[in-house]
Amino acid sequence: MPEEQYQRLQQRHAEDVRALWDLLDAIKDPEIPALSIWDLGILRDVQRNGDQVTVTITPTYSGCPAMDNITTDVIQLLHDNGYSDATVKLSLSPAWSSEWMSPEGRKKLREYGIAPPEDAGLDDDGLTPDAHAACPHCASRHTRRISEFGSTACKALFQCDDCGEPFDYFKKI
Amino acid sequence: MSDQIKQATQEYATRLGDDSVVLGHRISEWVSYGPFLEEDIAYGNVALDYIGRARMFYTYAAELADDGRDEDDFAYMRNDREYRNLLLMELPKGDFAYSQVRQLFADVYYTLMLPELLQSKDETLSAIAAKAIKETKYHLRRSRDWVLRLGDGTEESHQRAQKAVDQLWGYTHELFDMDETEQLLADAGIGVDVAGLRDRWLEMVSAILTEATLTVPEDSWAVRGGRIGYHTENLGHMLTEMQIVHRSHPGCKW
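In the order they appear, the protein sequences are chains A and B.
Residues in the first sequence are numbered consecutively from 1, following this note's numbering.
Residues in the second sequence are numbered consecutively from 1, following this note's numbering.
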């Protein structure tokens, strides 16, 4: 298990806030509803001080429009569960990394039809390669990049030359 | 943080926010006009990266100003003379070649400027740079590819790309100007000494233009003034469009 994911799990299993982490699994990314904010690595920290709860989230990309929705959803959920004094903090540093995505998240992403970051990796420039991302539909590597930018900034668009399906690839950053 | 540094940092964050929101808005004007669907989507994504960057800079500027204003007040409630963006960012989108050449100039600039900002002693500025660096890599690859394709393309695309280079060149000098505020922050290890980036910028841009069979212009003219609020007439028109909804419905939520 990569270091980043080990540390996230350690954080999640701290006794006093464990139930809150579990509760927050209900918050999904509005752009990719198959994944929770935990799965995506957007959920960074949960702190509890008596009745006061502070949840820290981080955007995948600077302009991620989902942050406002997620903030509202988190506050509503906590409120509905008796935590009326909840705040959501937006943290920019350290910058979000696709390494933070949970193993279940990667699996769910593939099942949802989006190739997870490790299914293509990086080219020599440290960017999305122009071919060979594994197709989430038929697993073929016989694919090519159609566009650097997919339906959202965190994804690129590929097409499979075997099954013919276009698909989104979640960029590795 | 001393009051002087705090005030300078607020001004600096506002400037960087202005650069981002103005360029982001210009790029967004391509949405639904892109030459093909994927390119249209790419424009939308790049615009969003810049607008996101502006939000982060403005939020920080508002925090430092601590006068009750928020990010929206910075973006929507200031007039053109209060904007401090570089003039290059506000020029109209022009044709496709014009927008891509402008983008190349900006992307190379940020490729050099952001790693310096990452070293800032100011944690928030450094954190914003850390996010933006990753995005700029993608922006540069795209604008570079397009400039190569247009410059080394058909006679028509070459001619348009060269015209864009010639028309924009005089606006690039301002990117490397330092004034008292920026010098103060550079000396304090907070801001970037952009004057020192010009040689590397010229080297990178010249290499790309040459590969694209385009001619690097002579430095025969320069326009300046964005950082003191002297803008081209274009900014006022752009802000009118950008701010109209917010100003017509103050405090409206949806």
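Just so you know, these hints were derived from the structure itself, not from any lab.
In this text the structure is predicted, and so the values were computed from the model without any measurement.
Note that CB positions come from ideal geometry on N, CA and C, so glycine has one too.
Certain hints may be false.
[What the hints assert, rightly or not] Calculated lysine to aspartate or glutamate pairs in the EDC-like style (CA-CA distance at most 20 Å, straight line):
{"hint": "1", "chain 1": "B", "residue 1": "K134", "chain 2": "A", "residue 2": "D123"}
{"hint": "2", "chain 1": "B", "residue 1": "K137", "chain 2": "A", "residue 2": "E104"}
{"hint": "3", "chain 1": "B", "residue 1": "K137", "chain 2": "B", "residue 2": "D40"}
{"hint": "4", "chain 1": "A", "residue 1": "K89", "chain 2": "B", "residue 2": "D72"}
[As the list claims (entries may be wrong)] Simulated DEER-style distance windows between Cβ atoms:
{"hint": "5", "chain 1": "B", "residue 1": "D3", "chain 2": "A", "residue 2": "Q52", "range": "46 to 56 Å"}
{"hint": "6", "chain 1": "B", "residue 1": "E63", "chain 2": "A", "residue 2": "I146", "range": "52 to 62 Å"}
{"hint": "7", "chain 1": "B", "residue 1": "D166", "chain 2": "A", "residue 2": "E111", "range": "17 to 27 Å"}
{"hint": "8", "chain 1": "A", "residue 1": "P94", "chain 2": "B", "residue 2": "E116", "range": "47 to 57 Å"}
{"hint": "9", "chain 1": "B", "residue 1": "D95", "chain 2": "A", "residue 2": "I146", "range": "15 to 25 Å"}
{"hint": "10", "chain 1": "A", "residue 1": "Q10", "chain 2": "B", "residue 2": "D95", "range": "48 to 58 Å"}
{"hint": "11", "chain 1": "A", "residue 1": "E99", "chain 2": "B", "residue 2": "D95", "range": "34 to 44 Å"}
{"hint": "12", "chain 1": "A", "residue 1": "C163", "chain 2": "B", "residue 2": "D187", "range": "17 to 27 Å"}
{"hint": "13", "chain 1": "A", "residue 1": "P2", "chain 2": "B", "residue 2": "G189", "range": "24 to 34 Å"}
{"hint": "14", "chain 1": "B", "residue 1": "E63", "chain 2": "A", "residue 2": "L9", "range": "27 to 37 Å"}
{"hint": "15", "chain 1": "A", "residue 1": "H13", "chain 2": "B", "residue 2": "S126", "range": "29 to 39 Å"}
{"hint": "16", "chain 1": "A", "residue 1": "N69", "chain 2": "B", "residue 2": "D73", "range": "40 to 50 Å"}
{"hint": "17", "chain 1": "B", "residue 1": "F36", "chain 2": "A", "residue 2": "K107", "range": "32 to 42 Å"}
{"hint": "18", "chain 1": "B", "residue 1": "E116", "chain 2": "A", "residue 2": "P2", "range": "41 to 51 Å"}
Quick rundown of the hints versus the structure:
With a CA separation close to 14 Å, the supplied pair K134(B) and D123(A) stays within the 20 Å bound. For the hint pairing K137(B) with E104(A), the CA-to-CA distance comes to about 29 Å; that exceeds 20 Å, so the pair is violated. Using a Cα cut-off of 20 Å, the hinted pair K137(B) and D40(B) holds, with the two alpha carbons roughly 19 Å apart. A hinted pair counts as satisfied when its Cα atoms are at most 20 Å apart, and K89(A) with D72(B) qualifies at roughly 18 Å.
Between D3(B) and Q52(A) the Cβ separation comes to about 32 Å, which falls outside the hinted range of 46 to 56 Å. Separated by about 41 Å at the C-beta atoms, E63(B) and I146(A) break the suggested range of 52 to 62 Å. For D166(B) paired with E111(A), a C-beta distance near 52 Å fails the hint of 17 to 27 Å. In this structure, P94(A) and E116(B) break the distance hint of 47 to 57 Å, their C-beta atoms being roughly 19 Å apart.
Look at D95(B) against I146(A): about 24 Å separates their beta carbons, and that is inside 15 to 25 Å. Here the CB-CB span from Q10(A) to D95(B) is close to 54 Å, well matched to the stated 48 to 58 Å. Roughly 41 Å separates the CB atoms of E99(A) and D95(B), a value that falls within the hinted 34 to 44 Å. Separation of C163(A) from D187(B) is about 59 Å and departs from the stated range, judged on CB atoms against 17 to 27 Å.
The beta-carbon spacing between P2(A) and G189(B), approximately 33 Å, falls within the hinted interval of 24 to 34 Å. Restraint check, E63(B) to L9(A): a C-beta distance of roughly 33 Å satisfies the suggested window 27 to 37 Å. One distance hint, 29 to 39 Å for the beta-carbon pair H13(A) and S126(B), holds here, with the actual separation near 31 Å. For the pair N69(A) and D73(B), the beta carbons lie near 22 Å from each other, so the given range of 40 to 50 Å is not met.
With their beta carbons about 34 Å apart, F36(B) and K107(A) fall inside the hinted range of 32 to 42 Å. Separation of E116(B) from P2(A) is about 30 Å and departs from the stated range, judged on CB atoms against 41 to 51 Å.
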